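One-letter residues, chain by chain:
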Amino acid sequence: MEQENIIQVNELTKKFGDFVAVKGISFEVKKGEIFGFLGANGAGKTTAMKMLIGISKPTSGMAIVAGLNVAQSANEVKKNIGYMSQKFSLYDDLTIKENIRFFGGIYGLKPKTIQEKTIDLIQRLELEKVADERVGQLPLGWKQKLAFSVALLHEPKIVFLDEPTGGVDPVTRRQFWEMIDEEAHNGTTIFVTTHYMDEAEYCNRVSIMVDGKIEALDTPKKLKEQFKVSSMNDVFLKLARNIE
Amino acid sequence: MSIVVQNISKSFKTVQALQEVSFEVKEGELFGLIGPDGAGKTTLFRILTTLLLPQNGQAFVAGFDVKEEYKSIRNCVGYMPGRFSLYQDLTVEENLTFFATTFGTTIEENYDLIKDIYVQIEPFKNRRAKDLSGGMKQKLALCCALIHAPKVLFLDEPTTGVDPVSRKEFWEMLKRLKQQNITILVSTPYMDEASLCDRIAFIQNGKIFKIDSPQNIIRDFQPKIYEVKSDDMYQLLSDLKQIPDTKSTFSFGESIHYINEKTEFTKEKLQTYLNEKAHKNLDIQLIQATIEDVFMNAD
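These protein sequence lines map, in sequence, to chains A and B.
Counted the way this note's numbering counts, the first sequence spans residues 1 to 244.
Counted the way this note's numbering counts, the second sequence spans residues 245 to 543.
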């Protein structure tokens with residue numbers, strides 16, 4: 001049975017003056033899929049992602065996210081998605097509990113729901129002892145796991161993760177991916193970027209962006225067959241080498 | 245010895261960032277400091293580059309004491325901090341000129357040292373640093389750290405957040421610098437990069453728990469590692485975790501690395517157990533450890 005598309009992108013383009021950052025990309029993401037969005041630095045990933053989450057207007061083309069057109073219903077899109085990035089996810093000066101309450105409020109959850117979710121989330125991540133400490137004090141790995149859970153507070157249909165594991169220690173990185181797997185099994189769609197090529201193997205499908213265009217898109221297995229190499233790292237090197 | 249670190253400790257309020265850290269780096273050696281975010285790597289770099297004073301212990305860089313002779317150290321080391329350190333509003337060329345002038349030299353004087361790297365960014369020499377892509381920023385930062393021909397180069401996570409292509413290129417550049425007899429201390433959270441160093445130190449929670457060559461570290465790793473694959477990896481991971489006396493189950497891309505505590509545990513036992521769980525296309529191989537395996541299974 002064909003699964004429904006939760007993201008549909010058609011000829012999506014973004015120009016900054018003369019510079020075309022995203023050059024008419026088209027792809028679909030299915031509901032419940034873990035979709036890896038890879039590319040070299042400067043390939044246009046972040047620009048493309050910003051359009052999908054409704055914070056940057058496409059120059060041309062169309063993107064439908066959770067049934068909504070990002071160009072016309074940016075604010076509605078935001079209610080249906082979760083987002084976390086390596087650079088910004090939580091407020092360092094607020095405690096763990098305060099961050100949860102803050103983001104719960106932003107996402108429009110009722111105070112009672114926020115309260116319940118706070119207890120549940122702190123228990124699940126085993127953060128009882130540090131719940132009243134500032135987030136800035138936490139090791140990066142804990143912070144990222146917390147940020148992921150916070151991005152899921154409002155039970156979004158899709159969660160966008162921009163390099164969620166950059167610099168995180170190897171054990172925590174794997175725990176993080178176990179959380180992603182579990183969430184995908186619950187039906188949440190995961191849209192993720194990473195520079196760790198072993199993580200690309202955990203995705204159902206992977207796209208690789210080079211110089212503003214999607215140059216390859218398939219399951220990791222098929223991509224390796226297509227490029228006749230044994231790892232996603234080699235697929236990436238073959239596609240993106242010498243481009244900058 | 246190019247770098248000597250003896251029992252260095254440093255704490256900030258409630259956090260003990262470094263605890264009795266000791267190691268030595270030989271002249272011309274490429275030495276890797278391997279550990280996750282928060283392990284204490286940056287604190288150590290800041291002490292060795294004389295930007296921070298240690299509470300206890302001693303350290304010498306190029307023969308100079310980090311506490312007493314900081315001016316001499318600053319003249320003969322290059323430092324590339326983890327965060328992008330260049331002037332965003334200056335162009336590529338202006339940044340380089342600025343750093344050269346600061347150290348009382350010129351781009352021309354040491355051009356040979358940076359040539360291989362600089363030619364790659366030279367086409368963009370009039371572009372402001374803030375408009376460069378990640379890979380190009382790293383290259384410029386490296387040029388700026390090299391322009392005064394330092395004896396010792398400190399690179400704090402130069403490849404974090406950098407794509408695999410640029411990472412590979414960056415390490416090729418380091419290999420060439422090593423041939424010029426520059427001592428390099430580099431930190432990274434990427435375990436695959438560890439194997440490219442002459443020697444590495446594992447650091448976690450402010451302590452160094454192993455120092456050796458990558459080859460020796462892998463050779464000395466005792467436990468047997470089974471690489472396991474099947475069609476349902478999600479189920480496979482949870483099945484493996486249920487096996488009695490499991491030490492670790494770590495995903496490694498398309499396979500899982502499995503280690504059991506008991507020495508009498510065999511491939512046959514693993515095979516039998518997983519066959520009962522009806523896994524399709526099950527594949528089990530006994531494999532050699534990687535640096536990442538060693539790091540994650542350290543107690």
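Warning: the hint list may mix true and false statements.
[Claimed, not checked] Capping the alpha-carbon separation at 20 Å, the derived lysine to aspartate or glutamate pairs in EDC-like fashion look like this: (1) A:K78 <-> A:E155; (2) B:K485 <-> A:D18; (3) A:K23 <-> A:E4; (4) A:K221 <-> B:D475; (5) B:K412 <-> A:E155; (6) A:K30 <-> A:D211; (7) B:K485 <-> A:E178; (8) A:K50 <-> B:D375; (9) A:K23 <-> A:E155; (10) A:K221 <-> B:D375; (11) B:K395 <-> B:D333; (12) A:K238 <-> B:D475; (13) A:K224 <-> B:D527; (14) A:K213 <-> A:E4; (15) A:K15 <-> B:D483; (16) A:K222 <-> B:E498; (17) B:K473 <-> A:D120; (18) A:K31 <-> B:D375; (19) A:K224 <-> B:E352; (20) A:K57 <-> A:D18; (21) B:K473 <-> A:E178; (22) A:K224 <-> B:D475; (23) B:K473 <-> B:D442; (24) A:K222 <-> B:E413; (25) A:K222 <-> B:D527.
What the hints contain is simulated information worked out from the structure, not anything from laboratory work.
Bear in mind the structure is a predicted one, so any value in this text is a computation, not a measurement.
Status of each hint after checking the structure:
1. A:K78 <-> A:E155: Holds. K78 (chain A) to E155 (chain A) sits at ~12 Å (cutoff 20 Å).
2. B:K485 <-> A:D18: Violated, because 54 Å separates the two Cα atoms, which is more than 20 Å.
3. A:K23 <-> A:E4: Roughly 25 Å separates the two Cα atoms, so the pair is violated.
4. A:K221 <-> B:D475: With Cα atoms ~12 Å apart, K221 (chain A) and D475 (chain B) stay inside 20 Å; holds.
5. B:K412 <-> A:E155: Roughly 39 Å separates the two Cα atoms, so the pair is violated.
6. A:K30 <-> A:D211: This hinted pair is violated, its Cα atoms lying about 25 Å apart.
7. B:K485 <-> A:E178: holds, 13 Å
8. A:K50 <-> B:D375: holds, 18 Å
9. A:K23 <-> A:E155: This hinted pair is violated, its Cα atoms lying about 32 Å apart.
10. A:K221 <-> B:D375: Roughly 36 Å between the alpha carbons, so the hint for K221 (chain A) and D375 (chain B) is violated.
11. B:K395 <-> B:D333: Given pair K395 (chain B), D333 (chain B) is violated - Cα atoms ~29 Å apart, limit 20 Å.
12. A:K238 <-> B:D475: violated, 27 Å
13. A:K224 <-> B:D527: holds, 18 Å
14. A:K213 <-> A:E4: Outside the cut-off at roughly 24 Å; violated.
15. A:K15 <-> B:D483: Violated, because 49 Å separates the two Cα atoms, which is more than 20 Å.
16. A:K222 <-> B:E498: Given that 20 Å is the threshold and the Cα spacing comes to 13 Å, the pair holds.
17. B:K473 <-> A:D120: violated, 34 Å
18. A:K31 <-> B:D375: violated, 36 Å
19. A:K224 <-> B:E352: violated, 46 Å
20. A:K57 <-> A:D18: holds, 16 Å
21. B:K473 <-> A:E178: holds, 16 Å
22. A:K224 <-> B:D475: At roughly 16 Å apart (the allowed maximum being 20 Å), D475 (chain B) and K224 (chain A) satisfy the hint.
23. B:K473 <-> B:D442: violated, 33 Å
24. A:K222 <-> B:E413: violated, 27 Å
25. A:K222 <-> B:D527: holds, 19 Å
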